[in-house]
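Engineer: Next come the chains, spelled out residue by residue.
2 protein chains.
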Amino acid sequence: MNVAVDQSVEWLNARARHIEAVLERMLPAEGAVPARLHQAMRYAVLGGGKRVRAALVYAAGYACAGQQIASNLSPDSTARRKHLDLALDLAASSVELVHAYSLVHDDLPCMDDDTLRRGKPTLHVKFDEATALLAGDALQPLAFDLLAQMPVDAALIVQATQVLARAAGSLGMAGGQAIDLESVGKTLSREQLQCMHVLKTGALLSASVTLGGLAAAMTPAQKHALDAYASAMGLAFQVVDDVLDVTADTAQLGKTPGKDAAANKPTYVSLMGLQGAQDFAGELHAQALEAIAPLGESGELLAGLADFIVLRNH
Amino acid sequence: MNVAVDQSVEWLNARARHIEAVLERMLPAEGAVPARLHQAMRYAVLGGGKRVRAALVYAAGYACAGQQIASNLSPDSTARRKHLDLALDLAASSVELVHAYSLVHDDLPCMDDDTLRRGKPTLHVKFDEATALLAGDALQPLAFDLLAQMPVDAALIVQATQVLARAAGSLGMAGGQAIDLESVGKTLSREQLQCMHVLKTGALLSASVTLGGLAAAMTPAQKHALDAYASAMGLAFQVVDDVLDVTADTAQLGKTPGKDAAANKPTYVSLMGLQGAQDFAGELHAQALEAIAPLGESGELLAGLADFIVLRNH
Numbered sequence: 000m001n002v003a004v005d006q007s008v009e010w011l012n013a014r015a016r017h018i019e020a021v022l023e024r025m026l027p028a029e030g031a032v033p034a035r036l037h038q039a040m041r042y043a044v045l046g047g048g049k050r051v052r053a054a055l056v057y058a059a060g061y062a063c064a065g066q067q068i069a070s071n072l073s074p075d076s077t078a079r080r081k082h083l084d085l086a087l088d089l090a091a092s093s094v095e096l097v098h099a100y101s102l103v104h105d106d107l108p109c110m111d112d113d114t115l116r117r118g119k120p121t122l123h124v125k126f127d128e129a130t131a132l133l134a135g136d137a138l139q140p141l142a143f144d145l146l147a148q149m150p151v152d153a154a155l156i157v158q159a160t161q162v163l164a165r166a167a168g169s170l171g172m173a174g175g176q177a178i179d180l181e182s183v184g185k186t187l188s189r190e191q192l193q194c195m196h197v198l199k200t201g202a203l204l205s206a207s208v209t210l211g212g213l214a215a216a217m218t219p220a221q222k223h224a225l226d227a228y229a230s231a232m233g234l235a236f237q238v239v240d241d242v243l244d245v246t247a248d249t250a251q252l253g254k255t256p257g258k259d260a261a262a263n264k265p266t267y268v269s270l271m272g273l274q275g276a277q278d279f280a281g282e283l284h285a286q287a288l289e290a291i292a293p294l295g296e297s298g299e300l301l302a303g304l305a306d307f308i309v310l311r312n313h
Numbered sequence: 000m001n002v003a004v005d006q007s008v009e010w011l012n013a014r015a016r017h018i019e020a021v022l023e024r025m026l027p028a029e030g031a032v033p034a035r036l037h038q039a040m041r042y043a044v045l046g047g048g049k050r051v052r053a054a055l056v057y058a059a060g061y062a063c064a065g066q067q068i069a070s071n072l073s074p075d076s077t078a079r080r081k082h083l084d085l086a087l088d089l090a091a092s093s094v095e096l097v098h099a100y101s102l103v104h105d106d107l108p109c110m111d112d113d114t115l116r117r118g119k120p121t122l123h124v125k126f127d128e129a130t131a132l133l134a135g136d137a138l139q140p141l142a143f144d145l146l147a148q149m150p151v152d153a154a155l156i157v158q159a160t161q162v163l164a165r166a167a168g169s170l171g172m173a174g175g176q177a178i179d180l181e182s183v184g185k186t187l188s189r190e191q192l193q194c195m196h197v198l199k200t201g202a203l204l205s206a207s208v209t210l211g212g213l214a215a216a217m218t219p220a221q222k223h224a225l226d227a228y229a230s231a232m233g234l235a236f237q238v239v240d241d242v243l244d245v246t247a248d249t250a251q252l253g254k255t256p257g258k259d260a261a262a263n264k265p266t267y268v269s270l271m272g273l274q275g276a277q278d279f280a281g282e283l284h285a286q287a288l289e290a291i292a293p294l295g296e297s298g299e300l301l302a303g304l305a306d307f308i309v310l311r312n313h
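Protein sequence lines, in the order shown, are assigned to chains G and V. Each residue of the first sequence is one higher than the last, beginning at 0 in numbering that gives the first Met the number 0. Each residue of the second sequence is one higher than the last, beginning at 0 in numbering that gives the first Met the number 0.
A portion of the hints provided could be inaccurate.
Pairs involving identical chains hold if they fit within one copy or between any two copies, as the list cannot separate such chains.
[What the hints assert, rightly or not] Derived pair list, reagent style DMTMM-like, types lysine to aspartate or glutamate, alpha-carbon separation capped at 20 Å:
hint: 1; residue 1: K222; residue 2: E296
hint: 2; residue 1: K125; residue 2: E296
hint: 3; residue 1: K49; residue 2: E29
hint: 4; residue 1: K119; residue 2: E23
hint: 5; residue 1: K222; residue 2: D113
hint: 6; residue 1: K185; residue 2: D127
hint: 7; residue 1: K49; residue 2: E23
Rather than coming from a laboratory, the hints here were simulated on the basis of the structure.
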């Protein structure tokens with residue numbers, strides 16, 4: 000990796016520590032009744048993950064706010080910066096909660112039946128199935144509660160609510176999971192595989208970018224740039240995941256590698272070959288960078304994240 | 000039952016048919032990809048239930064709007080009425096979706112492991128466990144999406160989002176389920192039992208009343224009346240459910256009676272005896288009617304629902 004990527008990784012790690020502390024505060028306390036449920040929710044959310052979704056929220060928000068300041072579209076002030084930071088903390092928490100809930104339900108015996116996640120026992124193994132089900136069920140509304148607390152115009156909150164709801168729902172993440180279930184053992188076309196991943200992983204990654212923009216009251220031109228960036232990166236993330244599933248080992252991944260191939264699930268590698276999938280990730284990377292060119296220097300963090308997502312080894 | 004209750008039942012049945020038609024439109028089409036997931040969501044939501052939560056939304060909304068018109072607080076017009084009806088349809092749909100998702104997850108093998116619901120096979124029996132899990136997961140964000148579409152001030156939508164999120168979350172319905180799980184085989188005090196039911200069933204019933212009020216832009220005085228009505232009725236509903244669990248038969252209930260007693264779950268009947276529970280329901284009924292007295296004639300539908308909830312036999 001080059002120096003720019005190293006800097007992105009440093010920023011990403013610092014953001015991951017920051018969002019961890021924010022989530023600590025946003026989640027109900029461990030001792031609050033019902034304590035076991037709250038402990039399970041905290042176990043599901045805290046202590047791990049690259050926090051790519053949260054990072055996308057911050058990077059998109061700072062890109063929009065930075066450009067607005069640079070072009071004097073709005074005055075800078077300490078109060079404004081505080082509001083922006085809080086809005087981004089809330090939006091970033093909300094996507095991390097939805098992501099965490101989806102992993103908990105995805106790991107359940109009736110789904111992927113996984114026992115290891117981020118190097119730790121999965122929630123239903125550590126607690127029990129019923130508690131894992133309920134913890135996931137309770138994380139989802141908490142995400143909407145947090146969005147509703149953003150210190151921005153109510154109209155922006157309403158938009159953000161719809162963006163998150165659609166990214167999580169049957170035409171987003173949950174829909175992608177359903178297609179994934181049905182696709183085991185089948186050969187999918189590139190279009191079908193892409194449709195599944197756009198829903199399953201892309202929708203929430205893409206929503207993260209949009210929520211960052213909404214928290215920073217993005218302009219229509221900024222929305223245009225972010226939308227194109229988001230669709231390219233949402234897909235790139237999954238292509239790289241498929242590549243890593245065959246090239247990385249358990250220690251790097253924190254989960255069992257080769258599992259998708261073993262389950263006979265279609266992946267970009269099974270479809271395009273390893274080199275083909277790597278090339279495709281490179282193309283998407285270029286598209287993402289092109290999309291945010293109009294944001295100028297303010298898009299630096301987004302560019303760094305694009306580098307990281309495509310060049311990461313875990 | 001008396002004539003007033005008969006009229007309430009008639010209104011409730013008409014509302015149930017109305018919300019059924021509304022939900023038909025609000026849910027994704029059966030053929031929309033992923034079709035199996037959408038079929039499961041529709042199976043979970045459509046074709047049954049008393050729709051008490053939806054009825055509470057409409058009754059609360061019309062009570063507030065009616066009183067506003069009577070006291071000339073706001074002008075009546077066809078457009079205003081259309082907006083009110085649409086806002087109430089969306090709010091009523093959202094609580095029915097959350098209720099339906101909770102039943103689907105509650106019926107899963109790792110929870111109550113129920114095979115019969117409203118006289119039909121439960122969702123995981125009719126489809127499969129993974130699809131039931133995902134259908135529930137997808138119904139929840141759809142509820143928030145619908146709330147966000149209410150044709151009311153954005154600030155009211157934000158409030159409604161928080162009301163629904165908290166009613167559904169770990170300090171509401173999901174929290175009540177978690178306490179219920181932990182309480183099997185234990186003897187709870189009246190306070191502990193009440194806390195569990197206030198969360199498990201009361202929170203969403205209570206939220207239904209509040210959402211109806213928000214959809215009709217309730218005044219602070221109206222909010223005060225609705226809040227007191229909602230807490231009394233939220234509890235009364237569960238007390239009556241416990242009574243019916245020992246007095247009604249399968250045909251009336253549409254589910255297996257005596258199941259809670261068999262599972263050694265604490266109920267109001269096991270705690271207070273049958274007569275004690277019936278008396279308690281009567282007290283709560285009186286409290287609810289007193290709470291809405293300030294609403295005058297506009298509170299008629301709410302009063303009728305209180306009668307129905309306490310005097311029903313299924």
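Engineer: Work down the list of hints and note, for each, if the structure agrees.
Structural biologist: Now the hints, each set against the structure:
no.	hint	in the structure
1	K222 <-> E296	within (16 Å within a copy, 50 Å between copies)
2	K125 <-> E296	neither (45 Å within a copy, 55 Å between copies)
3	K49 <-> E29	neither (23 Å within a copy, 37 Å between copies)
4	K119 <-> E23	within (19 Å within a copy, 43 Å between copies)
5	K222 <-> D113	neither (38 Å within a copy, 47 Å between copies)
6	K185 <-> D127	between (32 Å within a copy, 19 Å between copies)
7	K49 <-> E23	within (16 Å within a copy, 40 Å between copies)
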